[in-house]
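Please build the complex by placing chain B on the supplied structure of chain A, with the hints as guidance.
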Amino acid sequence: MSSAQLHALHAVGLIVAIATIMQGCGAPLATRHTQGTVFSANPKIAVLPFDNYTDQDMVSAKITEYFQVTMAGRPGFTVIENGTTFEALRRLRIRSATVLRKGQIDSLAQALQADYLLAGSVLEYREVGDKFLIKIPQVSINARLIDGKTGATVWTGVSNDSGDRKESLFGLGAIKSADELSRKMVESMVQNLQALFR
Amino acid sequence: MLLLLRLSGILLMLLPAVALAQGAALKMDPDAAIFTAMTYDNGADGSLSSPGFAFFDKRAGELFVAATGNRRIVIYDFDLIPKFAFRHFVRDRKGGRMVLGEPKAVVVNSQGDMLVIDNLADYVDILDFRGKSFQQLYPNRLLGDTTLKIKADLIAIDDNDNVYLAVVGDITAVLALDRDLNLKRRIIERTADSTTVIGGPLAMAVSDSLILLTEFREAPVLKLFDTTGRYLGGFGGREIAKEDFSMAVAATIYRDSTGSLSFFVVDALRQVIKRVAVDGSLIASFGGYGRYPGALSYPSGLAYAGNGQFFVVERVGARIQRFSIR
Numbered sequence: 001m002s003s004a005q006l007h008a009l010h011a012v013g014l015i016v017a018i019a020t021i022m023q024g025c026g027a028p029l030a031t032r033h034t035q036g037t038v039f040s041a042n043p044k045i046a047v048l049p050f051d052n053y054t055d056q057d058m059v060s061a062k063i064t065e066y067f068q069v070t071m072a073g074r075p076g077f078t079v080i081e082n083g084t085t086f087e088a089l090r091r092l093r094i095r096s097a098t099v100l101r102k103g104q105i106d107s108l109a110q111a112l113q114a115d116y117l118l119a120g121s122v123l124e125y126r127e128v129g130d131k132f133l134i135k136i137p138q139v140s141i142n143a144r145l146i147d148g149k150t151g152a153t154v155w156t157g158v159s160n161d162s163g164d165r166k167e168s169l170f171g172l173g174a175i176k177s178a179d180e181l182s183r184k185m186v187e188s189m190v191q192n193l194q195a196l197f198r
Numbered sequence: 001m002l003l004l005l006r007l008s009g010i011l012l013m014l015l016p017a018v019a020l021a022q023g024a025a026l027k028m029d030p031d032a033a034i035f036t037a038m039t040y041d042n043g044a045d046g047s048l049s050s051p052g053f054a055f056f057d058k059r060a061g062e063l064f065v066a067a068t069g070n071r072r073i074v075i076y077d078f079d080l081i082p083k084f085a086f087r088h089f090v091r092d093r094k095g096g097r098m099v100l101g102e103p104k105a106v107v108v109n110s111q112g113d114m115l116v117i118d119n120l121a122d123y124v125d126i127l128d129f130r131g132k133s134f135q136q137l138y139p140n141r142l143l144g145d146t147t148l149k150i151k152a153d154l155i156a157i158d159d160n161d162n163v164y165l166a167v168v169g170d171i172t173a174v175l176a177l178d179r180d181l182n183l184k185r186r187i188i189e190r191t192a193d194s195t196t197v198i199g200g201p202l203a204m205a206v207s208d209s210l211i212l213l214t215e216f217r218e219a220p221v222l223k224l225f226d227t228t229g230r231y232l233g234g235f236g237g238r239e240i241a242k243e244d245f246s247m248a249v250a251a252t253i254y255r256d257s258t259g260s261l262s263f264f265v266v267d268a269l270r271q272v273i274k275r276v277a278v279d280g281s282l283i284a285s286f287g288g289y290g291r292y293p294g295a296l297s298y299p300s301g302l303a304y305a306g307n308g309q310f311f312v313v314e315r316v317g318a319r320i321q322r323f324s325i326r
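Heads up: the protein sequence lines correspond to chains A and B, in order. At position 119 of the first sequence the residue is numbered 119 (my numbering), and the sequence of numbers has no breaks. At position 233 of the second sequence the residue is numbered 233 (my numbering), and the sequence of numbers has no breaks.
Treat the hints with caution; some may be incorrect.
As the list claims (entries may be wrong) - The list that follows gives simulated cross-link-like pairs (lysine-lysine, DSSO-like), each with its CA atoms no further than 27 Å apart:
#, chain 1, residue 1, chain 2, residue 2
1, B, Lys132, B, Lys104
2, B, Lys149, B, Lys184
3, A, Lys44, A, Lys184
4, A, Lys102, B, Lys58
5, B, Lys149, A, Lys62
6, B, Lys94, B, Lys83
7, A, Lys184, A, Lys135
8, A, Lys44, B, Lys149
9, B, Lys58, B, Lys132
10, A, Lys44, A, Lys62
11, B, Lys151, B, Lys104
12, A, Lys102, B, Lys132
13, A, Lys102, B, Lys83
14, B, Lys94, A, Lys135
15, B, Lys94, A, Lys62
16, B, Lys58, B, Lys184
17, B, Lys83, A, Lys149
18, A, Lys44, A, Lys102
19, B, Lys83, B, Lys58
20, B, Lys58, B, Lys94
21, B, Lys94, A, Lys184
22, B, Lys132, A, Lys62
23, B, Lys184, B, Lys104
Stated by the list, open to error - Per label pair, the in silico range of CB-to-CB distance:
#, chain 1, residue 1, chain 2, residue 2, range
24, A, Ala30, B, Lys184, 54 to 62 Å
25, A, Asp179, B, Gly95, 55 to 63 Å
26, B, Ser324, A, Glu187, 50 to 58 Å
27, A, Ala152, B, Met38, 34 to 42 Å
Hints are computed from structural coordinates only; laboratory data are not their basis. In this text the structure is predicted, and so the values were computed from the model without any measurement. Where is the CB? At the ideal position from N, CA and C, for every residue including glycine.
This is chain A alone, in the form it adopts within the complex (with noise of 0.2 Å):
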């Protein structure tokens, strides 16, 4: 082997030692929660349908499906049927968990006899041209937990994450769909959110 040939075996090698390197650099999920304060043991809580703020319709009512999906049976909380959910909203007319009054939590905690209710909303959610992937995912995700209680948001987590974001070279590594990219989003808050109630 020529001392050329080495060089650019080198040059290949380094550049997928950086490419592996930098795949998984960049924190998607940012959560914080309120200091001091003590999450309720095995509590009960209500995952309010998300608000759609994206032009796609019902990428919300997915983005909610996953929340309840990959909530329900985990241990740490019990997840409210989403139907109890569902009639109750309806009952009380409340269609947005974007701006809650506290009359409204009140009534919702009340009727559900929730001690969380878990809102959020999807900002962005969409696939745009690559010149590898052919589709990029973009995906935004806000969620918050309401005490039902207090009426206070003791937690919150902030999700945006980009398909490519873990991509290595030529797509490799890369997610495809933002069905599968929000599915790990959710995935991830759902468990940070479940270690609040270790």
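Chain B in isolation, oriented as in the chain A frame:
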């Protein structure tokens, strides 16, 4: 052709002046109803654009407006503060994918479900209280004939959740549906005799076992039926008399505290709201063209809220006003 276009432009510019002159001829009674609230808010930090229809849900005390230009349904409280707004999506006629719609009308049942008619769809879209679509009601499937090319055009609902759906296309008729949206009967169908049935429906209101329909082209302009479709009477011509109408784009049936019945009708080109007695005589008219509170700029929707309060939506004025009947 160019000349025709210019002439029609001049005529359009003159319409408000004509309306004002006709308003004067109507002997308007500004005290018949007083202005009490107003909004331009589209519920999403913007202005309303071509709002076309209003429905008041008395159970929840909420006003639903089809903001056609904003492609949204906006829900307000009684004081016209927006509570919720959402874009309405419809299934594309060609590809079947979901695209932004142009909501034309919305009514709400006792469960809080919304029944929406959209300019870009043939079906009635059934949405839950948050605006999530869960059913599409195709009029031709209701009639058991999918070869029929018909479109849902007008919708009204009574206090028992019975739905009345006016369809146009291969047939023009009103379909009476039960609370589960099953077809009860086909009523008020267009036939050769258009004086006692419907020719071209423009607006529909239902209350007290009565259906009030307004006509686009033919006279009488207002036609009253019972809920079985039996013709009870009609009134209002297409001339310039004070009892006549230019374009009756919205109407509501009103029963006052004494129990007497009358109708409020929006006359869009004369820019007035007329209150008409059951015998067709004019009780009062108010509004008149303008942008100031209490005046109207191409009114397009009307919703009665009970207790003498009603809401008027203006397409060109791009606002909603609340009035109190005196």
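Against the structure, the hints:
Only pairs whose Cα atoms come within 27 Å are accepted, and Lys132/B paired with Lys104/B is accepted, the gap being roughly 17 Å. Taken as a hint, the Lys149/B and Lys184/B pair is honoured in the structure, with Cα atoms around 20 Å apart against an allowance of 27 Å. Distance hint between Lys44/A and Lys184/A is fulfilled; the C-alpha atoms sit about 23 Å from each other, no more than 27 Å. With a CA separation close to 24 Å, the supplied pair Lys102/A and Lys58/B stays within the 27 Å bound.
Between Lys149/B and Lys62/A the CA atoms are separated by roughly 34 Å; this puts the pair beyond 27 Å, and the hint is violated. Between Lys94/B and Lys83/B, the direct Cα distance comes to roughly 34 Å. Violation of the 27 Å bound is thereby established for this hinted pair. The straight-line distance between the Cα atoms of Lys184/A and Lys135/A is roughly 17 Å, inside the 27 Å bound, and the hint therefore holds. Straight-line distance between C-alpha atoms of Lys44/A and Lys149/B comes to about 51 Å, which puts the hinted pair past the 27 Å bound.
The hinted pair formed by Lys58/B and Lys132/B meets the criterion: a straight-line CA distance of about 22 Å does not exceed 27 Å. The hinted pair formed by Lys44/A and Lys62/A meets the criterion: a straight-line CA distance of about 22 Å does not exceed 27 Å. Among the hinted pairs, Lys151/B with Lys104/B is consistent with the structure: their alpha-carbon atoms are about 12 Å apart, no more than 27 Å. Between Lys102/A and Lys132/B, the direct Cα distance comes to roughly 25 Å. Compliance with the 27 Å bound is thereby established for this hinted pair.
At most 27 Å may separate the alpha-carbon atoms for a hinted pair to count; Lys102/A and Lys83/B meet this at roughly 15 Å. Of the pairs offered as hints, the one joining Lys94/B and Lys135/A holds, with about 25 Å between alpha carbons and a cut-off of 27 Å not exceeded. Taking the CA atoms of Lys94/B and Lys62/A, the gap is near 25 Å; set against the 27 Å cutoff, the hint holds. Simply put, Lys58/B and Lys184/B have alpha-carbon atoms about 25 Å apart, close enough for the 27 Å limit, and the pair holds.
For the hint pairing Lys83/B with Lys149/A, the CA-to-CA distance comes to about 24 Å; that is within 27 Å, so the pair holds. Restraint check: the Cα-Cα separation between Lys44/A and Lys102/A comes to about 19 Å, which is no more than 27 Å; the hinted pair holds. Taking the CA atoms of Lys83/B and Lys58/B, the gap is near 15 Å; set against the 27 Å cutoff, the hint holds. A C-alpha spacing of about 38 Å is found between Lys58/B and Lys94/B, which places the hinted pair above 27 Å, so the restraint is violated.
The straight-line distance between the Cα atoms of Lys94/B and Lys184/A is roughly 34 Å, outside the 27 Å bound, and the hint therefore fails. Distance hint between Lys132/B and Lys62/A is fulfilled; the C-alpha atoms sit about 12 Å from each other, no more than 27 Å. Annotation: proposed proximity of Lys184/B to Lys104/B holds, straight-line Cα distance about 24 Å (limit 27 Å). Between Ala30/A and Lys184/B the C-beta distance comes to about 56 Å, which sits within the given range of 54 to 62 Å.
In this structure, Asp179/A and Gly95/B break the distance hint of 55 to 63 Å, their C-beta atoms being roughly 21 Å apart. Range check, Ser324/B to Glu187/A: Cβ separation about 55 Å, and the 50 to 58 Å hint holds. Distance hint check for Ala152/A and Met38/B: the Cβ-Cβ separation is about 36 Å, which falls inside the suggested range of 34 to 42 Å.
Hint violations for this structure: numbers 5, 6, 8, 20, 21, 25, all remaining hints satisfied.
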